[in-house]
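S.K.: Note that the protein sequences, when read in sequence, are chains S, H, W and G.
Under our numbering, think of the first position of the first sequence as 469, with each following residue one higher.
Under our numbering, think of the first position of the second sequence as 469, with each following residue one higher.
Under our numbering, think of the first position of the third sequence as 31, with each following residue one higher.
Under our numbering, think of the first position of the fourth sequence as 31, with each following residue one higher.
Read the hints as simulated data drawn from the structure, not as lab findings.
Hints are not guaranteed to be accurate.
[Stated by the list, open to error] Which residues of chain G face chain H? A partial, calculated answer using Cβ under 10 Å:
# : residue
1 : 72
2 : 76
3 : 85
4 : 86
5 : 94
6 : 99
7 : 120
8 : 164
9 : 166
Using N, Cα and C, we set each Cβ at its ideal position, and we do this for glycine too.
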Amino acid sequence: MAKFDRDLAWRGYRALVRIREVELAIAARYPDQEMRCPVHLSVGQEGVAVGACLPLSADDLVLAGHRSHAQYLAKGGDLTAMLAEIHGRETGCCGGRGGSMHLLDVEAGLLASIPIVGSHLPLAVGVALARRQRREPGVAVAFLGDGAVETGAFHETLNFAALHRLPVVFVLEDNGYSVYTPLAERQPPRPLTDVGLSHGVEGQSVSGDDFLEVHAAMETALVAARSGAGPQLLVASTSRWLEHCGPYDDDHLGYRPQGELERAKQRCPIRRLGDQLRKSGELDDRREKALYADVRSEIDAAFAAAFAAPQPSAATAAEHVYG
Amino acid sequence: MAKFDRDLAWRGYRALVRIREVELAIAARYPDQEMRCPVHLSVGQEGVAVGACLPLSADDLVLAGHRSHAQYLAKGGDLTAMLAEIHGRETGCCGGRGGSMHLLDVEAGLLASIPIVGSHLPLAVGVALARRQRREPGVAVAFLGDGAVETGAFHETLNFAALHRLPVVFVLEDNGYSVYTPLAERQPPRPLTDVGLSHGVEGQSVSGDDFLEVHAAMETALVAARSGAGPQLLVASTSRWLEHCGPYDDDHLGYRPQGELERAKQRCPIRRLGDQLRKSGELDDRREKALYADVRSEIDAAFAAAFAAPQPSAATAAEHVYG
Amino acid sequence: MADSLQAARLLSVAEAIREGLERALDEIPEAFVMGEGVTDPKGIFGTTTGLMDRFGKERVIETPISENAFTGIAVGACLLGQRPIIVHQRVEFMLLAMEQLINNAAKLRYLTRGRQSVPMVIRLVIGRGWGQGPQHAQSLESVFAAIPGLKVAMPSRAVDARDMLMTGIRGGDPLVLLEHRWLHGVRGPVADDVDPDVLSGPVVRREGEDLTLVATSYMVLEALRAADALAAVGITAEVIDLRVLRPLELAPIGESVRRTGRLVVIDTGHRTLGMGAEVVATISERQLSHLKAPPRRLGLPDRPAASARSLAASFYPRAEEIAREAAEALGMDTEDRLHVERILDERREHRLVDVPDPSFQGPF
Amino acid sequence: MADSLQAARLLSVAEAIREGLERALDEIPEAFVMGEGVTDPKGIFGTTTGLMDRFGKERVIETPISENAFTGIAVGACLLGQRPIIVHQRVEFMLLAMEQLINNAAKLRYLTRGRQSVPMVIRLVIGRGWGQGPQHAQSLESVFAAIPGLKVAMPSRAVDARDMLMTGIRGGDPLVLLEHRWLHGVRGPVADDVDPDVLSGPVVRREGEDLTLVATSYMVLEALRAADALAAVGITAEVIDLRVLRPLELAPIGESVRRTGRLVVIDTGHRTLGMGAEVVATISERQLSHLKAPPRRLGLPDRPAASARSLAASFYPRAEEIAREAAEALGMDTEDRLHVERILDERREHRLVDVPDPSFQGPF
Ligand SMILES: Cc1ncc(C[n+]2csc(CCOP(=O)(O)OP(=O)(O)O)c2C)c(N)n1
Ligand SMILES: Cc1ncc(C[n+]2csc(CCOP(=O)(O)OP(=O)(O)O)c2C)c(N)n1
Ligand SMILES: [Mg+2]
Ligand SMILES: [Mg+2]
């Protein structure tokens, strides 16, 4: 067990809390119908995005799927640009063209979010290939869910990446569900790391609720990827607390075994890291309160700015189809 | 090591010789330009098709890719109908609509040959699913090359088959090449059986040059598939002796390491089984000569019948687009 | 038919599809349903709700996220006589399975001279509104309709949706059924008997003498709204629901244009190379001398669907634009045009551009 | 331009493409070539021969049989400024990668308001003849041309093939380049300079006053043959090579029809919902009053391509059928028709229907 790095833990905690509060704020305001696009919230899963993104350098580029708010923020994205995008505003990170399902921001290093499951995985490997061809540093990091493992795109991509030993890290967020369908109804029983073996790739399994564990594993993966060892696979177990798409709790639908969600909440990545920080003396009630106040006022301001921003003008609708 | 089954070996030998002679006859006559469609010959690979098809019952159904002559004949297909198909005749097993790349014959139990690599694999699993839904006996057998492992279709299909424990056997003919590209330039190094593991499927590795080994492994796989153990994977190493598509030797192109092809020919499945049969006293020069004479006169007759058959009438060209 | 519809129940398109699925599973032992979400609590917009409970997991099959494979698996099951109904919750997901659809499903009957067939239905849902964005709001019907061997249909009303589904699954060909998300909630009368001719071609939804409006799917509703408004200035527009995109039967449209001499086609998908191209080309070839004015087309412009609602208004043609095209074709005077516009304005009741009606609250 | 072509070398289409690839790799450090077979001894019909030796494995990348992935990998590489040229040896293999093409390649520029672009070329080879059969002989150009955000081009001659490739890879958009297998061996003059306007639209390949023939790809050659024969009876047909299918520039065709009043469009792919549908529809909308006769279309019939050569003759339109359509449009008398037929008959020199010329011996 590595020494507890208080500074790292604090940075992680701050990011976890901030992302959680952003997502909860979106959930709370979504019924106002001002955010008029589908949203896939990350509440409960923040540990993976934060653990995997904090070790990244500016050269490293992230590509994600439909559930990408946490990744965008963890990678240093602009909160106001994200909220503006979800509000369909010209100041959104895609100028309102994409909405929540297409968060992307070249400056922030989130090169794409693609809502077709598995579709961004080849893009990520293309980014890694380009890095190598251009003799540029930097690793491509592809986030995917347990469902994306079922796509042919994932397997074709992993084979190509392994063959060329490309600098790419696949971060598999295993929340156990694809929409309402549990893993066991979609895949035969075997560890998800076996999928890597199929393409000659060894993987690491971590608890996505443990920021420090994810972070450490990601550092290992990044070192390997940077050193030319080829693609790396990180399988992180995690839990989605809210409905698949939308702002509500949906446990009443009964698609999860009773008590599963409650148990998942016991494993909350924020509480876990918070406890560690408290034990180490880094966190106390006062600091926590300040943190929440800080984060919430940032969020309120960002919502206000996003809401106030102009909608894209219809006159620009036809621009940028061709170069 | 199981007891040498002389009767089985003789049946296998007969089938191997017959298929080899058919393929060589096609190769010899192809330059006449009467067989006007692409042909992917099986010379050198007969051990796999024959070993895997002889244990099949009439209920078992085969689906294949672009290289399916050996499978068609080993499964009991009609030689004249096959040659007529390659000649583009109305009496062909597809009435000349498909040519060599689409050999299929419902009566013979070859349900499809599909020249898009990997495309027949979902069909095979659909056949297995239908068998289960219809409470019918019978296993679906899908032949595939080492190249098909690179297709997303294969992985998606294997996952589905494993999840539902469907009665399907995947027979992977690993001849080490996809057209001119060796395996090592297309896939990372690892045993091909690891691909099965990725989907929770244990596989068997056999030498495709050893008919009896393939046959025994296939029997094991069929028993497992029939008993509800789910999909089975057989990886058979083998060698293609002629060019990928067409009738000629192409070793002069230099895409294979020097001596590789010669060594492969030393492992000829026919010679190997012939030696075993001779040792057991089942085969001698006289019987061999009779076998070849028999087979060749059958082939000559089939070519003559195929050639003499009518071409499809243009008046029928528009039929059967819709039901 | 009209009589039986009079006496019929009022069902939404989603309910009608659900009824069609249930009846198909009931009547045809070879039928089964497969797709991502078919056993979900939300049941593919309510179209599969309860089916699993009634018919079990072997006939209502939840799938992994493997569109290509399970489309091909459905094709393979057809080879043994099964009749699968599969569903992809967005047209875009089907793009992963085009190889199976175009190479196998569409060609196996021809290849086997009818010895084998692929009697399956492929349900695809067209997304629109609520910020779906570039990858969740494509329609692409003309892409499917370009493929010989496929049948392609787009219902605009509940009874057709059910009957297309049931006729398709009883038939002998792969049928691509494009369901518009904005129609799922739209109610209409549904008779008990299935109309076996529902896949035979277009149907006149409103008679008229001055102009022929041809539309598909949701655009039929907009065309009917436009026709309503035109009636107020004494113009009678014939509204034809194209319904079946392949095989394409254009004789009824030819007959209508022979009377009206004026044609406007409104596509649900893109205008360029949309169904309107084929309709206008064929009518121009066959009825050139009957055309009193140049034919016209409407459809989505040549760009992706943006998420922001402020970009949606200029993207989707509405009754307003249809009426404007009609006015051009008819050479209507300014006063009439303004009158029609005013009527449409009033009737639109300040509806938002990104939702079909106030009960639709998203996110899907 | 005509002058420089006079002085130019004679290259086959395959040689011209090879030259284009070599020059692109030479001039553009970001360019790379990727596909199954690009390092093969046969070099994709000779179009990639020697490139690997010269530019190495990092810029000439052999791929696994993973069409979907490597198409998407090419798109991803574009996000960092690379300019990939990928190739699929048959149009049909591309059907596995439609999701990447339509959802990602075609939309990322719009989605990012031009901050990112996908400057890649996707070479697709259309198979024909030598018994290719249902799954190796599809053309499908109108399917690609239906997608906003893509550029789609079909060269009919060597110089255009090279210039489209080079202009495409220098540009800022994904270009689908459909190469007809029967053109790879066809020679033509190729100047040194690249024509930067080659992707801007159609070109008149032969001037005429009586009738406008519009064709794509290999069908341009058949149209030119038909025009030759028509000239013998005093008919001058203008032959227009459509060249660029998206964005579609139809003004030159409109101008031609304004003069000739007669239009026949010949598609390389299927007639139904082919490019001809869009051309005829647009011309009918814009030039109705100039049409002296109903416009006409030719293309592949509504069925799969069979393998047997006896079924090929009625599948592919030839100069004969083009001349026949022209005769109908012109209302030619019987004597002239027979004369034209005789000429075409003689010139065809008993060519076989399933090979482009006697040097083509298959199997590919
Ligand atoms: C190719 C494709 N098929 C289906 C969908 C619909 N869909 C959206 S998200 C999703 C579930 C994905 O599950 P997973 O990958 O585990 O991610 P999670 O939602 O759990 O984060 C599905 C099926 C899609 N977007 N793309
Ligand atoms: C999807 C697809 N991509 C490419 C091809 C072209 N192709 C035909 S056969 C072949 C090689 C297949 O290799 P393998 O699966 O090992 O079979 P083998 O030819 O060795 O028997 C290729 C690439 C194809 N038919 N389908
Ligand atoms: Mg999940
Ligand atoms: Mg091989």
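S.K.: Tell me, in ascending order, the numbers of any earlier hints that this structure violates.
M.R.: 2, 3 and 4
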